[in-house]
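> When we follow our numbering, the leftmost residue of the sequence shown carries the number 15, and every step to the right adds one.
No lab work stands behind these hints, which were simulated from the structure alone. Careful: at least some of the hints might be erroneous.
Below are the EDC-like pairs computed for lysine to aspartate or glutamate, each with C-alpha atoms no more than 20 Å apart in a straight line [stated by the list, open to error]:
id, residue 1, residue 2
1, 224, 206
2, 69, 58
3, 224, 188
4, 69, 57
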Amino acid sequence: MTTPPPRPIIHTFVLGDYQTNCFVVEAPPSRDCWIVDCGQEPEELIDFIRSRGLKPVALLLTHAHLDHIAGIDIARRALGPMPMFIHRAEAGFCSDPMANLSILTGRPVSVTEPENLLSGGETLQLAGTRWRVLHTPGHSPGGVCYIHDDSRQALVGDTLFAGSIGRFDFPTSDPDALRTSILETIMSLPDDMTVHPGHGPATTIGRERKTNPYVRGGW
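Based on the provided sequences and hints, a complete structural model is requested.
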């Protein structure tokens with residue numbers, strides 16, 4: 015009998031002043047896990063990993079705005095070094111308060127730069143699960159989504175929200191690119207795909223196709 019592939023489990027942690035969704039992804043029975051985005055005050059996320067006996071084998075970023083990166087070095091000090099991944103269009107953003115927008119808050123953030131640069135189109139593996147990397151620029155130039163097709167789950171950062179979309183008024187935002195990323199890339203995913211955004215509740219592609227005013231009417 016063929017053993018079915020492991021099904022990844024996505025745990026959500028709402029962190030910091032910006033109520034940023036950050037994630038721990040595991041694929042039992044393996045103890046290996048990913049951290050996807052690591053915002054301010056990540057102690058709850060760290061405690062969860064320790065309490066479950068999980069081993070972070072990578073830290074993946076959907077993009078490098080301050081609310082998704084501020085806890086990186088805290089997590090690495092607590093849990094040990096781990097490979098980090100970001101799209102190459104945001105190489106240098108993590109250590110640059112202007113690029114990661116923290117300069118605008120009066121509390122500049124500069125954290126360790128990821129050493130692994132993505133282009134989009136890669137396949138990443140966690141404990142036998144395979145995830146596609148989609149480049150979805152617009153909110154930021156290096157925005158990416160991590161897609162697990164078998165379980166119909168997507169981690170989409172700040173590109174798409176339940177009932178809304180990511181801001182496109184930042185210096186490195188591009189509304190035309192965001193439109194293409196949402197309408198042509200993300201909306202090509204199946205309706206039963208669960209979407210885990212960077213803020214707010216989870217949703218599905220089908221629900222957003224039917225009810226999201228930006229998807230239905232554009233902008």
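> Can you give the numbers of the hints that this structure goes against, from lowest to highest?
3
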